[in-house]
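J.: Listed below are the residues making up each chain.
Number of protein chains: 2
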Amino acid sequence: MKRVRDIGEFGLIERIARKLPRSERSIIGMGDDAAAVMVPTDNSVLVTTDMIVEDVHFTRKISTPQQVGWRCVAAGISDIAAMGGIPWWALVSLAIPEDCDVAWVDGLYDGMIDMASRYSVEILGGDTSRSKDKIYIDAVTLGQAPIWSLATRSLARPDEMVYVTGEPGRSAAGLEILTSRPSLAERFKPLVEAHLRPLPAVREAHFLAETGPLGAMIDISDGLMQDMRHICRLSGVGARIEADRLPICDTLRDYCDQVGKNQLDYVLAGGEDYDLIFTCEEDSAHKLEKLWAKRFGNRLRLTHIGTVTEPSHGLKLVDAHGKEVPFTGGHDHFLKKRGHRPG
Amino acid sequence: MKRVRDIGEFGLIERIARKLPRSERSIIGMGDDAAAVMVPTDNSVLVTTDMIVEDVHFTRKISTPQQVGWRCVAAGISDIAAMGGIPWWALVSLAIPEDCDVAWVDGLYDGMIDMASRYSVEILGGDTSRSKDKIYIDAVTLGQAPIWSLATRSLARPDEMVYVTGEPGRSAAGLEILTSRPSLAERFKPLVEAHLRPLPAVREAHFLAETGPLGAMIDISDGLMQDMRHICRLSGVGARIEADRLPICDTLRDYCDQVGKNQLDYVLAGGEDYDLIFTCEEDSAHKLEKLWAKRFGNRLRLTHIGTVTEPSHGLKLVDAHGKEVPFTGGHDHFLKKRGHRPG
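As they're listed, the protein sequences go chains A and B. Heads up: the first sequence begins at 1 in this note's numbering, then just goes up one per residue. Heads up: the second sequence begins at 1001 in this note's numbering, then just goes up one per residue.
Calculated directly from the structure, the hints in this document are not laboratory data. Heads up, the beta-carbon is just placed ideally off N, CA and C, and yes, glycines get one too. A couple of the hints might just be wrong.
Said to hold, decoys possible - Partner residues aside, some chain B positions facing chain A, computed with beta carbon under 8 Å:
{"#": "1", "residue": "Ala1034"}
{"#": "2", "residue": "Thr1049"}
{"#": "3", "residue": "Asp1050"}
{"#": "4", "residue": "Asp1079"}
{"#": "5", "residue": "Lys1132"}
{"#": "6", "residue": "Lys1134"}
{"#": "7", "residue": "Tyr1136"}
{"#": "8", "residue": "Leu1234"}
What the hints assert, rightly or not - A partial selection of chain A residues facing chain B, derived with a Cβ cut-off under 8 Å:
{"#": "9", "residue": "Asp79"}
{"#": "10", "residue": "Lys132"}
{"#": "11", "residue": "Asp138"}
{"#": "12", "residue": "Leu150"}
As the list claims (entries may be wrong) - Restraint-style ranges between C-beta atoms, simulated for each label pair:
{"#": "13", "chain 1": "A", "residue 1": "His286", "chain 2": "B", "residue 2": "Ser1117", "range": "46 to 52 Å"}
{"#": "14", "chain 1": "A", "residue 1": "Asp42", "chain 2": "B", "residue 2": "Asp1250", "range": "51 to 57 Å"}
{"#": "15", "chain 1": "A", "residue 1": "Lys19", "chain 2": "B", "residue 2": "Pro1213", "range": "33 to 39 Å"}
{"#": "16", "chain 1": "A", "residue 1": "Pro21", "chain 2": "B", "residue 2": "Asp1055", "range": "33 to 39 Å"}
{"#": "17", "chain 1": "A", "residue 1": "Asn298", "chain 2": "B", "residue 2": "Asp1055", "range": "52 to 58 Å"}
{"#": "18", "chain 1": "A", "residue 1": "Arg25", "chain 2": "B", "residue 2": "Pro1213", "range": "23 to 29 Å"}
Isolated chain A (complex conformation) (with noise of 0.2 Å):
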């Protein structure tokens, strides 16, 4: 087996090197002091970071390094996509052991640039180091946007009506069945998948911000109600989330029914599931719904379920008569540990 350190750093940089495709993207890509790219007239540079940790957010007896390559990229691109912009590029910093196998790095790069190609996304370099320990990788991803079409977490007013896209919960059951449960992991594969390859929904993000007019939006990655909260605080508003409206899917039902668990907690706690939550007036919302089921309607599903509220009545799930239900989750790194939570 061969370890990092018998091939170096610039080997391994070297070797990185030849893997990432070029495109035309980029005016300079790897190899310099910095990338150099460029976005059309009055579009804005969108730019996000997602720092990805070994035994925190992945380990590597349960996922492979193509998989944890994939989800590196793929959390950059959600978010691109969450401010309704186009994603374009991305750099990786990793720090690794001088122990890792190189294999490892190797299979990383595989699963990133997997990812990245069928966004096209280029992989413009980024930063190696060694780690005392673990594995670290700092993804961050650019991308572009005219500012007219930005979508942000601060625009949502009362009375706004509040989407969610997909069907938010299936990331965690499928972490936790990779974790507690090996041995269902084929027959809700669907879950399984959903944690292990997500898919951004820049499409889709990219059509709701043109087609507009959008209050907020926000990519589903600390959990739906996290998430929501977080549109609350930005916005200055309050949201009334009802239960009964909130979207399931069938393979989640099957697998609450078959471990006893309340699918709600998946839907509302869950995160990583990269769906979108946005609002809009309620006056477009209808045309919004029309032309969703025109262009997706067969492949995603969009929900309407629940009501931006004033900030004095706070975030509120509710039940079908209206009624508070109680609630708890979404995902804080430094409060709560729950062994190998998808970050």
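Assemble chain B onto chain A, guided by the hints.
T.: Using the frame of chain A, we list chain B on its own:
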């Protein structure tokens, strides 16, 4: 003592957000799915990342958090400068153990903000995560440069002259004093300061890129010979560096006399000086030297240290008689281990 786990991830993020000064330079700063910025028409966006690892690039014993923060941000600012660009924004990803003192994180951001504000760089946020033991910081720096003035590593041509700015080697000597000879720190303070509070040559690099015509340019982060080797490899050339021409800082000379070391070892192999190496045609060199002297003469040395050669000559260090002088050194994170080496 308040620890990170006491305030939680979102508590930490809010604490950082309150610290960071907002500027008018970004459209969307910290707190959204991604940050959004704009650059003027016909300008490229430059982006670079630097991963800084506790007990690889710094130790909490030797460096204050303010010093670590300063150096994190300085590294990326220097990279943008070495492309002929102006640094404008930074993002910081941070993985820290949950028992980390909150005051340490405060100090880190104080140092980053101090450095960034000297160069009018806005810190736009980033990502935070729990780490398993050590502190990991990935600093992402963005800037802009008109396409016509981009300075790369790949455009050196045979017969061009090789220049270096400043007096490289000071930072490496300063680190050695801090780690092995702390009793000498006061006496050789300029060397220690060069390590702890390096000042990237942004105005100087920008002047060179605009005044041109430059061949290649790079900042000295891995060591003078190692970084010259990067230019040679990417430009497909060789180079002859003349040992007698190398600029030696008086304080470094005194230090070497005192401890019985060879000053050339520091000048040739010491990294993290953020001085610049560049090449330019002999015809323009005289004019460039005159303009430099007028602009920066008393503040920063500019020294002609050698010549670009045909690729078959390789990279050579020669003495006053043109005889080759053997050398080793330069920095590789995996192949070499030198205690707490700057990155």
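J.: Let me know if the C-beta of aspartate 138 of chain A comes in closer than 8 Å to any C-beta of chain B, holds or violated.
T.: holds, 4 Å
J.: Holds or violated: 51 to 57 Å for the Cβ distance of aspartate 42 of chain A and aspartate 1250 of chain B?
T.: Holds: the Cβ-Cβ distance is about 53 Å, inside 51 to 57 Å.
J.: Hint validation: lysine 1132 of chain B versus chain A, beta carbon distance must be below 8 Å. Holds or violated?
T.: holds, 5 Å
J.: For the hint on leucine 1234 of chain B, does the least C-beta distance to chain A fall short of 8 Å?
T.: holds, 6 Å
J.: How does the Cβ-Cβ distance of lysine 19 of chain A and proline 1213 of chain B compare with 33 to 39 Å: does it lie in that range?
T.: Cβ of lysine 19 of chain A to Cβ of proline 1213 of chain B: about 34 Å, so the range 33 to 39 Å holds.
J.: Given a cut of 8 Å on the nearest C-beta pair, is the interface hint for tyrosine 1136 of chain B held or broken against chain A?
T.: holds, 5 Å
J.: Does the Cβ distance between asparagine 298 of chain A and aspartate 1055 of chain B fall inside 52 to 58 Å?
T.: Holds, since asparagine 298 of chain A and aspartate 1055 of chain B (Cβ atoms, about 53 Å apart) stay within the stated range.
J.: Can you verify the interface hint for aspartate 1050 of chain B: is its Cβ closer than 8 Å to any Cβ in chain A?
T.: OK, holds: aspartate 1050 of chain B within 8 Å of chain A, min 6 Å.
J.: Arginine 25 of chain A and proline 1213 of chain B, beta-carbon distance inside 23 to 29 Å?
T.: The hinted range 23 to 29 Å holds for arginine 25 of chain A and proline 1213 of chain B, with Cβ atoms some 27 Å apart.
J.: Answer holds if the nearest beta-carbon of chain A is closer than 8 Å to that of alanine 1034 of chain B; otherwise answer violated.
T.: With a minimum Cβ separation of about 4 Å from chain A (threshold 8 Å), the hint on alanine 1034 of chain B holds.
J.: Does the nearest C-beta of chain B fall within a distance shorter than 8 Å of the C-beta of aspartate 79 of chain A?
T.: Where the cut-off is 8 Å and the nearest Cβ of chain B is about 4 Å from aspartate 79 of chain A, the hint holds.
J.: Any CB of chain A closer than 8 Å to the CB of threonine 1049 of chain B?
T.: holds, 5 Å
Figure legend: structure checked against the earlier numbered hints; every hint is met.
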